[in-house]
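Whole structure, please, built from the sequences with the hints as guidance.
For the protein sequence lines, the chains are Z and C, in the order given.
Every letter in the first sequence is one number past the one before it in numbering that gives the first Met the number 0, and letter 214, counting from 1, is 213.
Every letter in the second sequence is one number past the one before it in numbering that gives the first Met the number 0, and letter 64, counting from 1, is 63.
Bear in mind the hints are in silico, worked out from the structure with no lab data behind them.
Note that CB positions come from ideal geometry on N, CA and C, so glycine has one too.
Errors might be hidden in some of the hints.
Computed footprint of chain C on chain Z, listed as stretches where at least three residues anywhere in the stretch have a Cβ under 8 angstroms from a Cβ of chain C [stated by the list, open to error]:
id : segment
1  : 54-61
2  : 71-84
3  : 239-247
4  : 348-362
Here are the computed lysine-lysine pairs in the DSBU-like style, where the Cα-Cα straight-line distance is at most 30 angstroms [to be verified]:
id : chain 1 : residue 1 : chain 2 : residue 2
5  : Z       : K180      : Z       : K277
6  : Z       : K249      : C       : K146
7  : Z       : K249      : C       : K2
8  : Z       : K377      : C       : K79
9  : Z       : K61       : C       : K146
10 : Z       : K323      : C       : K146
11 : C       : K2        : Z       : K96
12 : Z       : K377      : Z       : K249
To give an idea of the interface, some chain C residues facing chain Z are shown, with a C-beta separation under 7 angstroms as derived from the structure [what the hints assert, rightly or not]:
id : residue
13 : Q22
14 : H23
15 : D51
16 : I62
17 : H73
18 : S108
19 : L130
20 : I133
21 : P143
22 : D147
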Amino acid sequence: MEPLDVELDETEVELPTEPMLVNVGPSHPAMHGTVRCVMELSGETIHRVDVQVGYLHRGFEKMCERGTWSQVFPYVDRCNYVSPMLNNVGFSLACEKMLGIEVPERCQWYRMALGELARISDHLTCDGAMAMELGAFTPFLWMVKARDMIWDVMEEETGARLTHSFGRVGGMAMPPTDQFKEHTLAVVEQVLKIVDESEKLVLTNRIFLDRLEGVGKISAADAISLGWTGPCLRAAGVPYDVRRAHPYLKYSEVEFDVPVGTSSDCLDRFLIRFAEIKQSAHIVRQCIARLPDSGPVDVDDPRVVMPPKSEVYTTIEATIQHFKLVMEGLKIPAGEVYSYTEGGNGELGFYLVSDGSGTPFRVRIRPPCFLITGGLEKVVTGQMVADVVPCFGSLNMIGGECDR
Amino acid sequence: MSKALLDLVVAQFGSAVLGTHSQHGDDTVIIAPSAWFEIHQFLREDARTSIDMLTDLTAVDYIDREPRFEIVSHVYSLAKGHRLRLKTAVGDEEGETVEVDSLTALWASANWLERETFDMFGVRFVGHPDLRRILLYPEFEGYPLRKDYPADKIQPLVPFREVPNIEKVAPFGVDEGMSFGRQTHQRGYEEN
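Laid out in structure tokens, this is it:
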């Protein structure tokens, strides 16, 4: 065989540079939530990416227009299903803003305590899942263990571990149980211990840090333009927290810090959630200290709140009231409102339009996740394929909330 | 503070502002559709307003009104902490030509929000670079959040999608697979 008589200079060899299309998802083990990314790769670098959402679209906003205002609660539960209590409280506050009523003090502290517990479980899920997607399974199990303890409290209070449907317009479904304070304080202490342990476990791991540090950076200006809110925006150095900027419930009366990131990478978004868990725990303790042991939870307004069952069965007035509230639903005066609270992922807004009947005319949920996922394209373009996983994990996309 | 914001918008765009209100403390400006982009641009660029975030953009279908659709945006200033709701009414009775200017040139968040509004209401945003359906699939018929879309409507089956340059095989034939995935649900449908 003749020797190859060609001088091969490596610099002259032209490798084919055709971009390669790679599809990730919609159901992929390293993505939490159903989302599809069609990526155009050049080597391992992502040139373009098309993020496709909507695989979990269930038409909530349409369904809300069919029932009564109270029947919206189970739907908002299933939006952000790792912190449903925050959604419940957000929707109650929106309706109450329209009705012009304020719930009693006991209910406000109770809502805050439950809401912050839900926020802790939300952040634990995000950080745990993020670690798991990078191969660290132990921290995930630890954090889920901690989350389970919180869900035990929730189960004791509401009767359901995940989809509580516990919020009501003008109050809560039930007053706090007798052991709520004691149980919550014990759980918060245990959770903080587990968080500390998990923190040590992951933050001394060189591989874990290298996967996150300097990956998925985004400038504060871009994050604002993309409409980011919540931990992701704060990681970019913008200290916007609805609880601090526009306090609702009793947030103006409690002490807490708003942690802010510096480098706006995946590690910052990971750490900020840990820091917020500690702040939430601090808030929960203050709420427990100030939660009155007795007093009404629901407002005293028969047009809004269901009468006690004992009266429904014994008095005609309560029977009629019950019937009207169930069959026609509570009436919200015609008009529109935009009410916003700090959800697990950022500003959770409700734009409600009422025509004065018992059925909502339009319920628009402003999902923080939807806009944050909209920024995924910006975050991963120019990164390596392997970086998609930590980037996506750190944004904490919750399918139910993003797709509704 | 926000009252001043309302006054500023009214003073700047007197003829384009059709009304204002502050129901439940939410300052609202109702504007003419032709000034939709211009007013948002002013709010974003003027130092007195310094609105830097488009928090939300959606539509409401008032089926008995003319124009039928109301496009609603919520904007927020991180620096000054004030919010404003802007509304404009567009669209004919049938909802065939519902058009408004796109805000994608001002805020990146407008991209997905407008795609969602298009997906759900069929509002066409003029100047949007990539106006596709986002939550639903391309073959979806109709716009589900319109009031004349029945909530129990069942969509027709979608034929297997052809993708150029990619060879794909349908997962199952007409007689295979799970029967519940292939029902047609057409009214008056009879088994033959």
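Each hint tested on the structure:
1. 54-61: holds (count 4)
2. 71-84: As far as the segment 71-84 of chain Z goes, the hint is violated, because 0 residues have Cβ atoms under 8 angstroms from chain C.
3. 239-247: holds (count 3)
4. 348-362: holds (count 5)
5. Z:K180 with Z:K277: Given that 30 angstroms is the threshold and the Cα spacing comes to 18 angstroms, the pair holds.
6. Z:K249 with C:K146: 38 angstroms, violated
7. Z:K249 with C:K2: 26 angstroms, holds
8. Z:K377 with C:K79: With a Cα-Cα distance of about 27 angstroms, the restraint between K377 of chain Z and K79 of chain C holds, given a limit of 30 angstroms.
9. Z:K61 with C:K146: 9 angstroms, holds
10. Z:K323 with C:K146: Roughly 26 angstroms separates the two Cα atoms, so the pair holds.
11. C:K2 with Z:K96: 19 angstroms, holds
12. Z:K377 with Z:K249: 37 angstroms, violated
13. Q22: 5 angstroms, holds
14. H23: 5 angstroms, holds
15. D51: 5 angstroms, holds
16. I62: Result: violated, 10 angstroms to nearest chain Z Cβ.
17. H73: 6 angstroms, holds
18. S108: 3 angstroms, holds
19. L130: Violated, because the Cβ-Cβ distance from L130 of chain C to chain Z comes to roughly 14 angstroms (cut-off 7 angstroms).
20. I133: 6 angstroms, holds
21. P143: 6 angstroms, holds
22. D147: Not OK, violated: D147 of chain C not within 7 angstroms of chain Z, min 12 angstroms.
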